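S.K.: Listed below are the residues making up each chain.
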Amino acid sequence: MNVLVTYPERCVGCRICEQWCSWKHEGQVNPTKSRIRVHRVHSKYLNIPVTCMQCAKSPCIAACREGALRKDSATGAVIVDEEKCIGCRRCVRACPYGAVAIDKDKRIVLICDLCGGEPQCVAHCREGAIEYVSLALADRGHRAAYVETVVATMAAETKDGIKATGEGGCQ
Amino acid sequence: MALKGLAGKILRVNLTSGSITKEPTPDDVFAGYIGARGVGAYLLLKELKAHTDPLGPDNKLIFLTGPVEGTLAPGANKITVTFRSPLTGTYSFSLCGGHLAPEVKFAGYDGIIIEGRADRPVYLWIDDDRVSLKDASHLWGKLTHATEDAIRAELKDDAIRVACIGPAGEKLSRFACIQSDYHREFGRGGAGAVMGAKNLKAIAVRGTGSVEVADPEALEALTEKVYGILAANLKARARRYYGTPEMVDGTNGLGYWGTRNFSTGYFEEGHNINAANMKEKIFVGSMSCYACPIACGKVSLIRSGPYAGTMIEGPEFESTGLLGANCGVSDLEALVKAVEICDIYGLDTMSAGAVASLAMECYEKGIITKEDTDGLELNFGNGEALVALMEKIARREGIGDLFAEGAKRAAEKLGVPELAMQVKGQEFATYEPRGCKGMGLGYAISPKGAHHMIAPTMGPETAGDGSKRFEYKGKAALVRETQFLMAVVDSLSLCSSMRFALGLKEQIDLYCAVTGLALDEAGAMLIGEKITNLERLFNLREGFDRKDDYLPSRMLKEKMPTGPSQGHLVELDPMLDEYYDLMGWDHEGRPTENRLAELGLAELWREVR
Ligand code: SF4
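Chains as they are written, first to last, in our numbering: chain A, 60 to 230; chain B, 646 to 1254.
Bound conformation, chain A alone (with noise of 0.2 Å):
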């Protein structure tokens, strides 16, 4: 089963994702109607990617009284049962991600639905900022980024003669 993972630091905040998840689902470009959605806090020059992250516990699913969510068996999504739904917005405060929206006209919750398994903003983000994994495999990118930082870390480290070990420290 796949999992959506989000990198913040590398999404420049062009919203192609909430264009394109919008457009499948509705037909039409609506930042309101999306199941991603781009926040920008314009003071630290940040982009942040915001929706379903497929947790192992949904606390939405646990929080809706109306039995109007469930997870997919196939892909691992949280389904919306449309007519059980009943927009009161429980869930929407339930998710620790703000991942969950409402949309006005239907009055009823959107949540991402992996596009079935070909989450469309995985596919026209050209920064590589939502990746779509294994579960297991989910981990490895953060782990790889998180090395990278000790690597330069530790570099810098011996640059400035703080630590020298290793290669260069056995003279």
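Rather than coming from a laboratory, the hints here were simulated on the basis of the structure.
Just so it is clear, the structure is predicted and the values come from calculations on it, not from any experiment.
Virtual Cβ for every residue (Gly too), placed ideally from N, Cα, C.
Treat the hints with care, since some could be wrong.
[To be verified] Below, a list of computed lysine to any residue pairs in the SDA-like style, where the Cα atoms sit at most 20 Å apart:
hint, chain 1, residue 1, chain 2, residue 2
1, B, Lys691, B, Glu1248
2, A, Lys83, B, Ala863
3, B, Lys870, A, Ile120
4, A, Lys83, B, Tyr872
5, A, Lys163, B, Gly753
[Unchecked claim] Short derived list, chain A residues pointing at chain B, Cβ under 7 Å:
hint, residue
6, Val88
7, Ile167
8, Tyr191
[Stated by the list, open to error] Some residues of chain A that are not near chain B, with every Cβ distance over 10 Å (derived):
hint, residue
9, Glu68
10, Gly72
11, Asn89
12, Pro118
13, Ile120
14, Arg124
15, Ser132
16, Arg149
17, Gly175
18, Gly176
19, Glu177
20, Glu186
21, Ala204
22, Val209
23, Ala211
Please arrange chain B with the ligand on chain A, whose structure you already have, making use of the hints.
M.R.: Okay, now just chain B with the ligand, sitting in the frame of chain A:
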């Protein structure tokens, strides 16, 4: 006829009376002039009386989007403001990227027309169909970033888009810009001063709707195609990697990069402020406008030194040229700081750089002295002094007050009008006309003064071994064609960065898929010609003609002293004659009755002249 792609309404706000009305979008005008720049030229000519005071209540700010904004179309993110410029007195428009344009469409409007003058500071709050004027007394005097932040906090929504002016606009600096999304602006021509004169501090927008497109399938296929073209195109890739400063090396390398107030076209220290150095030293990330797969906005951070902690989006190529090379400044950190001051006070970085370089030349020539500058040593190359001067101009302090009037007025006051590198009062962009003749003609005939995007011919002129840039043959025709093309691109409201990779055909195809209209390239170029003529007519009504289509004498009489374009000057008159001829204009640069009739503009002209 209901045109697809349009939101269907135009918002008209009269600040004097406080009335806010919604009018149906004039579909026929949009069909005839595409959108944004084209429609703006038409509306300004029709709605503005001749000789309207640019800083009086009767001037208008006509904000317009294009039909492709808010759809899937790549690079559809420009919004235009059209107005009579307080800097030049001509028709003027400027384009802003970022996320404002789609937000306006999503809120349900194709444009916003601002008229009159409020009796105290206000801001306009557009919340879908709920529109109101709100008190802005507490925002008056605030810097642009702080204004954006304050408005978002006050309206309790971080995703609201804001366009605002800073203190420079409030104090009516003639080259004040309107700032949006922190670092995107309606830059040239002084729209910020017009907004300041109207007591309008900001426009805040929230839109939650969408626009309908005519042929979704075609649009989707075309969008994918355009992504592919952009991903493969070398120029687009360079821009994606380096931002607009990717042009520094090419422009400087051929010696047509305005340096030290355009005394030459080659900056020996150019490598210090080129893209590679910026990438290595200051770039920390990228920022994109809406729907753009290029993301040319680069975020810069100064890590150490007196300006440590300064963070901006930029510097753009034009700012690098005018605040950098043209001031002889190769100190990257001072350059970033100077850009930041312009952005937060709301000044056009281009005019600001041109004005600073004028000040520096005057200082070196002894026309102004240390006494006038409060002790600033305004020599070319002094980055620290540049930063200090920017602050003075932004606040209209000391000598800054004089230079806030723009290069032409300042130089006239100092008795050295020939030292202002400007056309019609609009300061030069960064390209040196002596090293690139077509750009010279483009500056000269531009309806809004020396602007590089009216006829950006540098691409074809520098192709191959680059020697074509010195030729005169075919330049009038090239300028004319490029001018029409740009009028179309600007009216579509696609970012002009798309133009490097896409042919007119792809851009028009996007337009047709969105609107459902049938338009081919020839038809589009004809619309470009009509727009060009409308703009000319506006200026003609204000008394502009051939006598105003000139370059400063430095370009015409002094041979370029150094660099790869050494020894060159611009022979303008023959190019002008040829250009007027091709346009069907008379020897004075006035569209002939005949030509106007052919273009279907004769009746309009009779009505408004
Ligand atoms: S498409 Fe990618 S880069 Fe663009 S906004 Fe979405 S996540 Fe960010």
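S.K.: For every hint, state whether the structure bears it out.
M.R.: Okay, the hints, checked on the actual structure:
1. For a cut-off of 20 Å, the pair hint linking lysine 691/B to glutamate 1248/B stands: about 12 Å separates their Cα positions.
2. Proposed proximity of lysine 83/A and alanine 863/B is supported: the alpha carbons are some 14 Å apart, at most 20 Å.
3. Under the criterion of a C-alpha separation no larger than 20 Å, the hint pairing lysine 870/B with isoleucine 120/A is inconsistent with the structure, at around 40 Å.
4. A distance of roughly 17 Å separates the Cα atoms of lysine 83/A and tyrosine 872/B; the hinted pair therefore holds under the 20 Å criterion.
5. Between the alpha carbons of lysine 163/A and glycine 753/B the distance comes to roughly 16 Å, so the proposed pair stays at or under 20 Å and holds.
6. Taking 7 Å as the C-beta contact cut-off toward chain B, the hint placing valine 88/A at the interface holds, the least distance being around 6 Å.
7. With its C-beta approaching chain B no nearer than about 16 Å, isoleucine 167/A sits outside the 7 Å limit, and its interface hint is violated.
8. Annotation: tyrosine 191/A was flagged as interfacial toward chain B, and the flag is violated, the nearest CB pair being 19 Å apart, outside 7 Å.
9. At roughly 8 Å from the closest C-beta of chain B, the C-beta of glutamate 68/A falls inside 10 Å, breaking its exclusion from the interface.
10. Non-interface call for glycine 72/A relative to chain B: violated, since the shortest CB-CB distance, roughly 5 Å, does not exceed 10 Å.
11. With a minimum CB-CB distance of about 4 Å to chain B, asparagine 89/A fails to clear the 10 Å threshold, and the non-interface call is violated.
12. A cut-off of 10 Å between C-beta atoms confirms that proline 118/A is not in contact with chain B; the least separation is 23 Å.
13. For isoleucine 120/A, the shortest C-beta to C-beta distance to chain B comes to about 27 Å, beyond the 10 Å cut-off, and the non-interface label holds.
14. Here arginine 124/A stays apart from chain B, with its beta-carbon at least about 27 Å from theirs, past the 10 Å limit.
15. Against chain B, the non-interface label of serine 132/A holds: every CB pair exceeds 10 Å, the least being about 31 Å.
16. With a minimum CB-CB distance of about 22 Å to chain B, arginine 149/A clears the 10 Å threshold, and the non-interface call stands.
17. Listed as a non-interface residue, glycine 175/A keeps its Cβ farther than 10 Å from every Cβ of chain B; the least gap is roughly 18 Å.
18. Under the 10 Å C-beta cut-off, the non-interface status given to glycine 176/A relative to chain B holds; the minimum distance is some 20 Å.
19. The non-interface label for glutamate 177/A is consistent with chain B: the shortest C-beta to C-beta separation is roughly 15 Å, beyond 10 Å.
20. Separation of glutamate 186/A from chain B is inadequate, the least Cβ-Cβ distance of about 7 Å not exceeding the 10 Å criterion.
21. At the 10 Å boundary, the C-beta of alanine 204/A stays outside the reach of chain B, the nearest C-beta of that chain being 14 Å off.
22. The beta carbon of valine 209/A is kept farther than 10 Å from every beta carbon of chain B, the shortest such distance being approximately 20 Å.
23. Taking the minimum C-beta to C-beta distance to chain B, about 14 Å, the non-interface status of alanine 211/A holds against the 10 Å cut.
Of the numbered hints stated above, those contradicted by the structure are hints 3, 7, 8, 9, 10, 11 and 20, listed in ascending order.
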